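Chains as they are written, first to last, in the working numbering: chain G, 98 to 696; chain P, 4 to 557.
There's no promise every hint is true.
Okay, derived cross-link-like pairs now, BS3-like style, lysine-lysine, Cα gap no bigger than 30 Å in a straight line [claimed, not checked]:
id	chain 1	residue 1	chain 2	residue 2
1	P	Lys469	G	Lys477
2	P	Lys165	G	Lys588
3	G	Lys456	G	Lys640
4	G	Lys234	P	Lys203
5	P	Lys159	G	Lys345
6	P	Lys203	G	Lys639
7	G	Lys234	P	Lys435
It is worth saying that the hints were derived from the structure and are not from the lab. Since this is a predicted model, take the numbers as computed values, not measurements.
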Amino acid sequence: MPETSISMEEKEIKLADLYLAKTLWPFIRPYAFLLGLTTLLVFIVTFFELLMPILTQKAFDGFILPVGPEKGAHLFGFEIISFSSFCILFSAVVLVSFVIDFFQSLLMEYTGQTIILNLRCRLFSHMAFLPVAFYDKNSSGRLVSRVAGDIENMNEMFTNVLIFIFRDLFLMIGVLVILFSINIKLALYLTAMVPVIAISITVFSKILRKAFRTIRQKLSEINHSFSEAVTGIKIIQTTSSRDRFMEKFKFLNFEYFSASLFQIRIFSIFMPFIGFMGVLSVAIILWTGSFNVMDKSLTLGELVAFLSYMKLFFRPLRDLSETFNLLQNALASAERIINVFKQDKAKQRALVLRERIDKISHLSLDKVNFSYSEDKPVLKNISFHLPPNRSIGLVGRTGSGKSSIINLITGFYEPGSGTIAFNDIDQKSINIEDIRKRTALVMQDPVLFSGTIRENITPSGLDMDPARLEKALYDANCDFLFEKFSGLDTKIEEEGRPLSSGEKQLVCIARAFAFDPDLIIFDEATSYMDSNSEQKVHDAMKKLMKGRLSIIIAHRLSTVRDCDSILLLRDGSIREQGSHHELVELKGEYYHLLEKEKI
Amino acid sequence: MVIVDATQLIVPQIIKQAVDTLDKGSFDSDILFFQCGYILFLGLVMAVLRYGWRNLLMGSARDLENGIRDEIFNHILTLDMAYYNRTKTGDIMAHATSDINHVRMAFGFGLIAIVDTLLLGGATLGIMIWTHPSLTALAMIPMPFLVMTTRNLGKKMHTLHKTAQESFSKLTELVRESFFGIRIIKVYNFESIIMNKIEKASKDYFNKNLKRAFVNALLKPLLILFFNLSTLIILFYGGFLVMQEALTPGELVAFLQYLGILAWPVIAIGWMTNLFQRGLASLNRINTLLDSRPEVASPAHPAVLSDLSGRITFKDVSFAYGKDNPVLSDIMLAVEPGMSIGITGPPGSGKTSLVQLIPRLYNTISGKIFLDGHELESLDLNFLRQHIAFMPQESFLFSSTIRDNILMGRSVNEERLDRIIDACCLKETLEKMPEGLDTVVGERGVTLSGGQKQRIALARTLVNEKPIVILDDPVSQVDTHTAAKLIAAIHQMNAGSSFIIISHRISALASCDRIYILKNGRVDHFGSHQELIETSRFYGESFKVQQFEEEKNA
Numbered sequence: 098m099p100e101t102s103i104s105m106e107e108k109e110i111k112l113a114d115l116y117l118a119k120t121l122w123p124f125i126r127p128y129a130f131l132l133g134l135t136t137l138l139v140f141i142v143t144f145f146e147l148l149m150p151i152l153t154q155k156a157f158d159g160f161i162l163p164v165g166p167e168k169g170a171h172l173f174g175f176e177i178i179s180f181s182s183f184c185i186l187f188s189a190v191v192l193v194s195f196v197i198d199f200f201q202s203l204l205m206e207y208t209g210q211t212i213i214l215n216l217r218c219r220l221f222s223h224m225a226f227l228p229v230a231f232y233d234k235n236s237s238g239r240l241v242s243r244v245a246g247d248i249e250n251m252n253e254m255f256t257n258v259l260i261f262i263f264r265d266l267f268l269m270i271g272v273l274v275i276l277f278s279i280n281i282k283l284a285l286y287l288t289a290m291v292p293v294i295a296i297s298i299t300v301f302s303k304i305l306r307k308a309f310r311t312i313r314q315k316l317s318e319i320n321h322s323f324s325e326a327v328t329g330i331k332i333i334q335t336t337s338s339r340d341r342f343m344e345k346f347k348f349l350n351f352e353y354f355s356a357s358l359f360q361i362r363i364f365s366i367f368m369p370f371i372g373f374m375g376v377l378s379v380a381i382i383l384w385t386g387s388f389n390v391m392d393k394s395l396t397l398g399e400l401v402a403f404l405s406y407m408k409l410f411f412r413p414l415r416d417l418s419e420t421f422n423l424l425q426n427a428l429a430s431a432e433r434i435i436n437v438f439k440q441d442k443a444k445q446r447a448l449v450l451r452e453r454i455d456k457i458s459h460l461s462l463d464k465v466n467f468s469y470s471e472d473k474p475v476l477k478n479i480s481f482h483l484p485p486n487r488s489i490g491l492v493g494r495t496g497s498g499k500s501s502i503i504n505l506i507t508g509f510y511e512p513g514s515g516t517i518a519f520n521d522i523d524q525k526s527i528n529i530e531d532i533r534k535r536t537a538l539v540m541q542d543p544v545l546f547s548g549t550i551r552e553n554i555t556p557s558g559l560d561m562d563p564a565r566l567e568k569a570l571y572d573a574n575c576d577f578l579f580e581k582f583s584g585l586d587t588k589i590e591e592e593g594r595p596l597s598s599g600e601k602q603l604v605c606i607a608r609a610f611a612f613d614p615d616l617i618i619f620d621e622a623t624s625y626m627d628s629n630s631e632q633k634v635h636d637a638m639k640k641l642m643k644g645r646l647s648i649i650i651a652h653r654l655s656t657v658r659d660c661d662s663i664l665l666l667r668d669g670s671i672r673e674q675g676s677h678h679e680l681v682e683l684k685g686e687y688y689h690l691l692e693k694e695k696i
Numbered sequence: 004m005v006i007v008d009a010t011q012l013i014v015p016q017i018i019k020q021a022v023d024t025l026d027k028g029s030f031d032s033d034i035l036f037f038q039c040g041y042i043l044f045l046g047l048v049m050a051v052l053r054y055g056w057r058n059l060l061m062g063s064a065r066d067l068e069n070g071i072r073d074e075i076f077n078h079i080l081t082l083d084m085a086y087y088n089r090t091k092t093g094d095i096m097a098h099a100t101s102d103i104n105h106v107r108m109a110f111g112f113g114l115i116a117i118v119d120t121l122l123l124g125g126a127t128l129g130i131m132i133w134t135h136p137s138l139t140a141l142a143m144i145p146m147p148f149l150v151m152t153t154r155n156l157g158k159k160m161h162t163l164h165k166t167a168q169e170s171f172s173k174l175t176e177l178v179r180e181s182f183f184g185i186r187i188i189k190v191y192n193f194e195s196i197i198m199n200k201i202e203k204a205s206k207d208y209f210n211k212n213l214k215r216a217f218v219n220a221l222l223k224p225l226l227i228l229f230f231n232l233s234t235l236i237i238l239f240y241g242g243f244l245v246m247q248e249a250l251t252p253g254e255l256v257a258f259l260q261y262l263g264i265l266a267w268p269v270i271a272i273g274w275m276t277n278l279f280q281r282g283l284a285s286l287n288r289i290n291t292l293l294d295s296r297p298e299v300a301s302p303a304h305p306a307v308l309s310d311l312s313g314r315i316t317f318k319d320v321s322f323a324y325g326k327d328n329p330v331l332s333d334i335m336l337a338v339e340p341g342m343s344i345g346i347t348g349p350p351g352s353g354k355t356s357l358v359q360l361i362p363r364l365y366n367t368i369s370g371k372i373f374l375d376g377h378e379l380e381s382l383d384l385n386f387l388r389q390h391i392a393f394m395p396q397e398s399f400l401f402s403s404t405i406r407d408n409i410l411m412g413r414s415v416n417e418e419r420l421d422r423i424i425d426a427c428c429l430k431e432t433l434e435k436m437p438e439g440l441d442t443v444v445g446e447r448g449v450t451l452s453g454g455q456k457q458r459i460a461l462a463r464t465l466v467n468e469k470p471i472v473i474l475d476d477p478v479s480q481v482d483t484h485t486a487a488k489l490i491a492a493i494h495q496m497n498a499g500s501s502f503i504i505i506s507h508r509i510s511a512l513a514s515c516d517r518i519y520i521l522k523n524g525r526v527d528h529f530g531s532h533q534e535l536i537e538t539s540r541f542y543g544e545s546f547k548v549q550q551f552e553e554e555k556n557a
């Protein structure tokens, strides 16, 4: 199985850093002030951090091993004579730095979380408006991992990474400046190492990013395996194919393992490398510095300070490379998120010419052609008219194009050529929301959301007066809902539990009834029902269809026989069209199907 | 790692010597050269060893992760339906990803931190005490406070982490179901409602995260504060000692250097607390999952049977998914080998629940089911399921090829496969597929219609001949004509098997030897097609309706 499973994997997503930065910027901009403030606080914290060794040095040179005959230290122009007041000053610095450090950390977390919150909501609202075709192409499990996992991963970027990169860079520059002020010659030796380090960081980060891309992608595959195993558990257990699934999973898990080992290996070369650079410079400075101390061009305190500052120079460098690891990880996630943002939203058609529709009174399709992919036409030259208050039935084998017609009418997809018109207005110049607002759809697979049955029928926000709701349910012959479980307040769990498949479908139909649409579409909505329930629903449908347009897709001819007009589709074309009696008279395909349906 | 820590401790000693030499004014470039060379050598050794242990530790952490994930996957495949009804998919997925991740972090970085803290911290402390006990003791004054605060904060973090994780779980589930039902959301214009819901869930997660962040933000600065206090003490008390010449300046410098080394273990403590709290919380969750034993399991000493003839007997069987709401009550049912049984009834009457008891997807609440006279629970689970061909109501396809979906890893000769494809009316469908049997379907492949999915699922059920065949509503999504063909072919292919079919189509049931009608979890009526037309109002009416349609059609 390995070959096929590899070919089915999600593609690795790769984007240029500059492009990433440009696309992410609009999400960061509103919080630029907060980020700026945080960075400022970071600088202050860093300043205090740098102050420590200076104070230590002053303590050495001023009090412990006085250079001159007089004790005392100069600090920002102030003269501190007594050792004890120096102690108090030092303690104050420590306390203040604690307070600022705390506020900085808090502000940073707050800013990061706010950006993430905003990004998540924006991403989801963007996704909610993506065309249905996008969802047909991508599995829901993998899309979830974008909104949940990948965004979570980026959190690191806004909190730790971004700010700390600033801080570490600032710290290193600050340390360099101080080093230069202590002794230019020694500092120059140190600067010679910078290009070496810079080059190695670039090389390592490239390899790391690549490793993280593979890791994120494999992880999403693992997620997919889990969700598939959970959904298909009944089949796995009843066909005794557990071992096979386990084997496949082990293989995938091992790939993930190897990818992460590779990342570890790269990183474990990188870190000690930076560490070694640190030791190397200590040796160099100690060597040259000692000569300088001997010829009195450097005080001993200065050499000690120089050595401790050098530690400060290499620590951020090590942090920086650790953060780089996180950054590469976050950027790999950012690439995946931005890829979603790059998807165009469903087109807002003809913004200028848009006409308002308050009520759909009639509908027509004229020479409509359509295909999902270039080479395979799904609908060929479909034309029909649905006059006011009439119903139309679509019949035909599975795959004959019935559902595709619905996909076009509801605007999920756009026709390749031909026009779809509502009230004689081209669909292209109508806001699709106007049409959908007046349309109800009941699908073959009942879709219920978590929440109560009531919330599923009238979602919060569309508050409905209880008497009207009750009437809608009675009209829909769904009154059994009042007695079972906890009535309308029954909580719906995952996969619609505790309702049975048939009951789920009835709830979906009740939702359509409560919606009071102008156009109602039943897409094989009664397939899970027994004849009695189906009869009930059909009675209700007839009631509801009065004064409305309706389209009914069915595989059982009996479902559509009362429709004003019936279209028989085959291979994407209309073969026969007319009322039940006309088609029977015709003695064509419809008649044959009818004959076969009788056993 | 021990060596790395040791070498790390030697470097300040050398610097100390160098500084002390300089302080004395004596200078020997050879000694200095030797000292610098020594430092370099140690640096190289450290680098090599660090590479080694990083690789080793993190590698084994990944190895651990790999193992746990395999085990979880393996375990969830054995769990019973009752467990899945209690647990959300998102939650199980969270176990396999974020929880494992936390455990790995605790064992990878966490172990490094522990070893580093203990070795480096301990050794450093040792040297410090050896250099100057009283100075060390004074420097350690803030330490007990440090330990206490980290422990308290750690506990808080643990609970905050748990609530945040739960909130995240909810958010994930909400997003998942929204994407799943995207068509309904769009047609009914629920976009804004669902967006509000997501926003609310995100905000909740945000708030819980902020609480966690607050504790987090407190931890690091606090640790640094305690550490700085130690530095203060050393500097001033040490400075005082140097002034009194009780301590050499080199020793003081080295002391400060050691304290600098201590900084890492101290910060690591905070880090570790966080990592370990998260890791432990997650490990607990994983263990709970792994400890959950399926209620449905093979007995220790299963009855040894060579084959099954297919006699099924239900004796006073009752069943419920939860505590209340009985789904089946006192079911009596008998299937002789080779007999065909039809089951019908209104939605929610317990049809699906009833047939799911036979392959033991659930256990009964009371009453017994016998297979060939043996109690179901006395049989080996694998043996049982290998002798039953079961088709669940929802036709689920895995994202793989159609061939894989039908065979599910079982082998069958091409001739039989062709026959099955023929019987399931899949031939025409497959010819239209870009790659025939090897077309990838499911979540990331070609989108199939409900009828096509149902027929593939049916083909999957029929791969091998089994003494018992159970089909749960196998023709609900195909047109009447195809349904009739399917039913006839299924009967033909399973001539000798005991056969149970659930359907709402009287035409699919009519040929069964006996038909059961369920109502509110009880057998309302049973008998042959002819008998039931007379005795059962439900059956009679259904038949009339369907008959009437046919007559009207004629």
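Verification of the supplied hints:
At most 30 Å may separate the alpha-carbon atoms for a hinted pair to count; lysine 469 (chain P) and lysine 477 (chain G) exceed this at roughly 44 Å. For the hint linking lysine 165 (chain P) to lysine 588 (chain G), the alpha-carbon distance of about 25 Å falls within 30 Å, and the restraint holds. For a cut-off of 30 Å, the pair hint linking lysine 456 (chain G) to lysine 640 (chain G) stands: about 19 Å separates their Cα positions. Of the supplied pair hints, the one linking lysine 234 (chain G) and lysine 203 (chain P) holds, its CA atoms being roughly 28 Å apart against a limit of 30 Å.
The hinted pair formed by lysine 159 (chain P) and lysine 345 (chain G) fails the criterion: a straight-line CA distance of about 41 Å is larger than 30 Å. At roughly 40 Å between alpha-carbon atoms, lysine 203 (chain P) and lysine 639 (chain G) are farther apart than 30 Å, so this suggested pair is violated. Between lysine 234 (chain G) and lysine 435 (chain P) the CA atoms are separated by roughly 20 Å; this keeps the pair inside 30 Å, and the hint holds.
In summary, the structure is inconsistent with hints 1, 5, 6 from the numbered list given earlier, while agreeing with the others.
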